[in-house]
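Asks: These are the residues of each chain, in order.
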Amino acid sequence: MNNLLVADSVSKSFGEFRALNSVSISVPKGSIFGLLGPNGAGKTTLIRIINQITMPDSGKVTLDGEPLRPEHIQNIGYLPEERGLYKSMKVGEQALYLAQLKGLDKKVARERLKYWFDKLEIGDWWNKKIQELSKGQAQKIQFVVTVLHQPKLLIFDEPFSGFDPINANLIKDEILQLRDEGATVIFSTHRMESVEELCDHIALIHKSNKVLDGKLTDIKRQYKTNTFEVGLQTNAVDEVTKAIKGKFEVFPATFKNLNDDVKLNVKLNANDSSNDLLSFLTSKAEVHHFVEVVPSANDIFIQTVKNN
Amino acid sequence: MNHLPLIIKREYLTKVKNKSFIIMTFVSPLIMVALIAVVAYLSQVNNDKQRTISVLDETGLLTDVFKNTDNTTYNILKGSNLEDAKLTVREKEEYGLLHIASTNDIANVLPAVKFYSEESPSISIISSLERKIEKKLSDTKLQMVGGVDLEKIEASRANISIDQETFSGEKTSKVDSYMKLAFGGFAGYLLFMFIIIYGNMIMRSIIEEKTSRIIEVIISSVKPIQLMMGKIIGTSLAGITQFVIWMIVGGALVTILSMVFGISMTEMQTPQQDLINEAMKNPEVANEMQLAFQSFLNLPMTNLIVAFLFFFIGGYLLYSSLYAAVGAAVDNETDTQQFMMPIIMPLILAVYVGIFTVIEDPHGTVSTVFSFIPFTSPVVMLMRIPFGVPLWQQAVSFLILVGTFMFTVWFAAKIYRVGILMYGKKPSYKELYKWIKY
Chain H
441 MNNLLVADSV
451 SKSFGEFRAL
461 NSVSISVPKG
471 SIFGLLGPNG
481 AGKTTLIRII
491 NQITMPDSGK
501 VTLDGEPLRP
511 EHIQNIGYLP
521 EERGLYKSMK
531 VGEQALYLAQ
541 LKGLDKKVAR
551 ERLKYWFDKL
561 EIGDWWNKKI
571 QELSKGQAQK
581 IQFVVTVLHQ
591 PKLLIFDEPF
601 SGFDPINANL
611 IKDEILQLRD
621 EGATVIFSTH
631 RMESVEELCD
641 HIALIHKSNK
651 VLDGKLTDIK
661 RQYKTNTFEV
671 GLQTNAVDEV
681 TKAIKGKFEV
691 FPATFKNLND
701 DVKLNVKLNA
711 NDSSNDLLSF
721 LTSKAEVHHF
731 VEVVPSANDI
741 FIQTVKNN
Chain L
6 MNHLPLIIKR
16 EYLTKVKNKS
26 FIIMTFVSPL
36 IMVALIAVVA
46 YLSQVNNDKQ
56 RTISVLDETG
66 LLTDVFKNTD
76 NTTYNILKGS
86 NLEDAKLTVR
96 EKEEYGLLHI
106 ASTNDIANVL
116 PAVKFYSEES
126 PSISIISSLE
136 RKIEKKLSDT
146 KLQMVGGVDL
156 EKIEASRANI
166 SIDQETFSGE
176 KTSKVDSYMK
186 LAFGGFAGYL
196 LFMFIIIYGN
206 MIMRSIIEEK
216 TSRIIEVIIS
226 SVKPIQLMMG
236 KIIGTSLAGI
246 TQFVIWMIVG
256 GALVTILSMV
266 FGISMTEMQT
276 PQQDLINEAM
286 KNPEVANEMQ
296 LAFQSFLNLP
306 MTNLIVAFLF
316 FFIGGYLLYS
326 SLYAAVGAAV
336 DNETDTQQFM
346 MPIIMPLILA
356 VYVGIFTVIE
366 DPHGTVSTVF
376 SFIPFTSPVV
386 MLMRIPFGVP
396 LWQQAVSFLI
406 LVGTFMFTVW
416 FAAKIYRVGI
426 LMYGKKPSYK
436 ELYKWIKY
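Heads up: the protein sequence lines correspond to chains H and L, in order. Sequential numbering of the first sequence, starting at 441, is according to my numbering. Sequential numbering of the second sequence, starting at 6, is according to my numbering.
Excised from the complex, chain L in its bound form (with noise of 0.2 Å):
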């Protein structure tokens, strides 16, 4: 007789239907999207502030650099000495003054360029100002060397991007690496939320179990194994389905509020929005955001969405196996701490390692001996995928973890047949070896 259907049919059921559940669904999504929205919004507060910022030029030379924009404005102080002009703008409560001294010689213009304010003055206010007097600065020596033609040497300048190519003819490039960096680590932790969220899920449910007394009576019906994969299977589809409300409902808020509140999803990282403005006119980097998107669609699709979905499973199927032995093993949520931990821990590590060494070199040894090892290949093997894996390796690292996925389910069955039946005493790990022999 095969319940396994049923099981999943109720566990599912019951997941979704609970009251908290539902919240959390419905909620969350709204928490997130309010939570980016005030950011959103401050961030945009701060930057729509009016600063108004006066220059001290004693050279002459710079005046003509200082061109208004909407949120700043320069006010040029003319034939006024340094003190005055400091008293005036601390008076009239300036965002600050910018002096630069008075000097012969073009090249200690530089050094002595300084800019007065009542508080430290923003990080990219600075940067701004002095990628001006740069640019201005460096023209003007060309010029004074003789004989320069600013156009040409405009011309002249060459933009290089190394291209690269793998032997067999893959093409990438630095900004392909960062687009396979971005997705290989939003899967690698997308698979690790998942574990976490919904292998303590799964534990719940089956302490649950246990301390409502039910489960003897559903055991005399069914095969322990039997209800632990429907159990597992069951919670990882409202999982899924938790997952795709989530994105959904986020998605249609985003729209929603950028609609009725103006704010485009872009402006959302504006602390630095002059940067990014100043950088989108520069034709370089208008090409690299398109670059960006043809590496987006140079990335091997069909492989990443198909390892994705076999090392998701399989990897998700693994620690949710060991979950529920926890989960047996325990008659209340405060005992499972110390069982945690060695479950806990490869996840960790696998994100670590990813994150840190991937990015170093993603065919390193050490990306590649832990894209095998079954507890980490799964978060570490779906952030090399983007980088190019020969097919052999994916297929026997898959296969080590099919492997692993059998063991960690024939052990946690062991556990989960006793376990559920065990109640008092939390077990010690020596105990629970005696339960894998009964």
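Chain H with its partners taken away, still in its complex shape (with noise of 0.2 Å):
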């Protein structure tokens, strides 16, 4: 069982809205899962089955195997994109209760707050309201409290949004080592950087399909372009780039070099290996950059979403 988390063919309406269209996904334990999609495509809807907030019409969800059951909730950390938290309860107090909702026994639940909170230098909220706190500050605490029942599985919407980018790194990094740990995390969000970064897996949702997944090099594999970025010094600059247009399909490059004599971003015709190409351009000039062009995650959102 590779998979920890199994959504086949589930599909839920809002009276004659159709909000999933029988979308599966398959998350591999261990993995950072990015779930993609534009504003509106179903994203949260998905997410929420997951959290049972909301039932599908029909499909099922398995965690680990199992149907889904009101006690996952327990394995489940779900951080939602609108959060908040009581504005007028103290840090300390609204964290323990939140941690005895997700089944946590109270004194462990206040030990692990002391870690938690040690560890991020928050310890001194404690006695502190929400109300007192900046947007980042609560933002701290509410990433808190979504890991302190140490959940099998991490659901976290645009976890970075409201932090500085000191804090934002320092929860990137806390979210990596809680999947070196043994989480299984589903990250949604926009900022298709963060995206490349984290991400193992993504699936890409739009109008309530799922267009895409996988894993995210073989989806790159799969958009690759066989395009180079070709860095090349000579002096016969129009000569060269001469030879190179008759031979090959080229594109302005933009990729930034000390040498800039040609600058080009090549194709591959059908049938060559970049070997072959590297080694008509070293008959013709020096190479000083060659470089595939890997699609991003950008690329291949934009892509995706304007074919479909």
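Certain hints may be false.
Cut-off 30 Å, straight-line C-alpha distance, at most; resulting in silico cross-link-like pairs (DSS-like, lysine-lysine) [unchecked claim]: (1) L:Lys119 to H:Lys568; (2) H:Lys546 to H:Lys527; (3) L:Lys228 to H:Lys569; (4) H:Lys568 to L:Lys228.
DEER-style ranges, computed between Cβ atoms [stated by the list, open to error]: (5) L:Lys431 to H:Glu561: 38 to 48 Å; (6) H:Val446 to L:Lys439: 28 to 38 Å; (7) L:Met350 to H:Tyr555: 53 to 63 Å; (8) L:Ala400 to H:Tyr555: 30 to 40 Å; (9) H:Asn697 to L:Lys439: 36 to 46 Å; (10) L:Ile202 to H:Gln571: 23 to 33 Å; (11) H:Ser449 to L:Gln343: 37 to 47 Å; (12) H:Asp545 to L:Ile364: 49 to 59 Å.
Not close to chain H: a few residues of chain L, all C-beta gaps over 10 Å, as computed [said to hold, decoys possible]: (13) Gly65; (14) Ile165; (15) Val254; (16) Leu404.
Don't read these hints as lab results, they were simulated from the structure. Quantities reported herein were computed from a predicted structural model and do not represent experimental measurements. The beta carbon of each residue, even a glycine, is placed where N, CA and C say it ideally should be.
Using the hints, build the complex out of the two chains.
Replies: This is the structure we're talking about:
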């Protein structure tokens, strides 16, 4: 059993509106799974179904091979996008309350809270009220509360919103550490650079349908255009450029290089290997820069959404 | 996993520890008692005013009727004419002048009595004077008929109070009825107030959860219906706490106040102190007071208390689940107006039906029907019960109430479940209907 969470043809309608249309995803154990999609695609609905906040009309969801049951709530930590805390309640009391709702014993919760508060250096907030904290500070509490019961599955919806870069980094490291300690993470965001940084797997939902999923590297391979950034040093710029253009399809390049005698994006001809291109180039000029153009998550996102 | 006790505890503690709640709890009785004290003080000041009333009795028949009291001095004028008397009274700034015109025929004395004063005199003074004159005149007239022994007449006077008894042997009386009415009215009104105050509190606390965006965090740990019930029960407990404290603090304050200032509670309704004092001297009235106390003891206490608990809880839960649904449906308090109307209307209707028809006929068609309709039954039934409602009626009404309560909780939970996750637009009734079907 390599998948911690499997959603099988999950559908959900709200009245006339179909929020999810037979969506299936498999989240491998110990991975960080990016759940992507434009606004209103149905991500939140899917996440809410996983959290048993709403029930699917059809399809089933299994956690660790078992169909979802109310007890599974203890195994899931959920940081919703629309999140907040009781404003007039004290930090410590509130964290204890929320931990107890997740089934933690009060004593255990207190110990773990102390650990986390020390770790994030927020120990002296225990008796403060949430309304006395800044938004970023409140988010830290929220993060601690989400992970406190050591769930197998963590679901973060836009976890970095409201954080400054330093704290965002801190939280990112914590997420990675939790993953290394065995947790599985579902990560929903619109920030493609953090998808790039964190996610092993992604699924893209668009207009209630899943349009793409798999390992990020596989998807990138699938979306690659066999194009290479090429930077050459030569005295005969025009001549070399002409020669390349004569043999390959060429696009303007934007990469940064010390040397800009010749700067091109070159697409491989069908059946050619990168070595064929490289040997052709070395025969013409001195190669300073030779890198495959890898599609970014951002490119893939935009391309997929536009094509659908 | 049952988190209900945990949620109830939090809701209760948050409410009770809230600053404005604490202030409300302890300051309200202070304000109330202070208000009562001020009113009592003022009326006492008013009452303490010394007044002198001059009496010009040209017939000479009535002079011995007017005896000075603590507050009123009667100044019997003799041998002056009306115009002079008026002038003197005015100059001396006395309260007024009672003029009894001279007449040969005692039968004409009555219309010839007149009271002159600077301002319109108080009703209690006038009626007190009237009673004095009436008594004296009728006695005089009786004597004039001749051969009448006043003492015998006094002795033969019969005081009738029709004793009432139901066929099943339950004794009632008019005083009983008043007592029952007071009791039922109090219970019904208490429920009404409780629903409005604490229903609103539940609604606000749900709206707060929505606006602080904590709802989704909570809802991923507990079932919405658990959260809703936890809120309702927790808030109610806080409400009961507040009520009990009000009773205790209020009671204590009144006791202290009356000890310090010597204001006894009975004196608080004193604008007509004289009347009451007089009435108290009358053995019949004293008897009635005793009757009232007796009828208080005669009330079906066990039935009342049990029914009060059942209907109070049932009615309160019924309405508060609706309040919860409204809170879940909207984003802020200003949007609640539209949905409050249908909740408040039956409540107000219940109170009016209770006040107007139950007094008239506690077992009439209107009262009976309304004491079965679940939205009005708690209030109306509570008002009816002191008059003796057959147990089967109470049971049926209560079962209907419980059934409806289950339905409204189901209904409210549906709206709640969807509503708490909806932000932004205020929903229409049509949308609410759609939510139920989700």
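Asks: Which of the stated hints cannot be reconciled with the structure, identified by number in ascending sequence?
Replies: 1, 8 and 9
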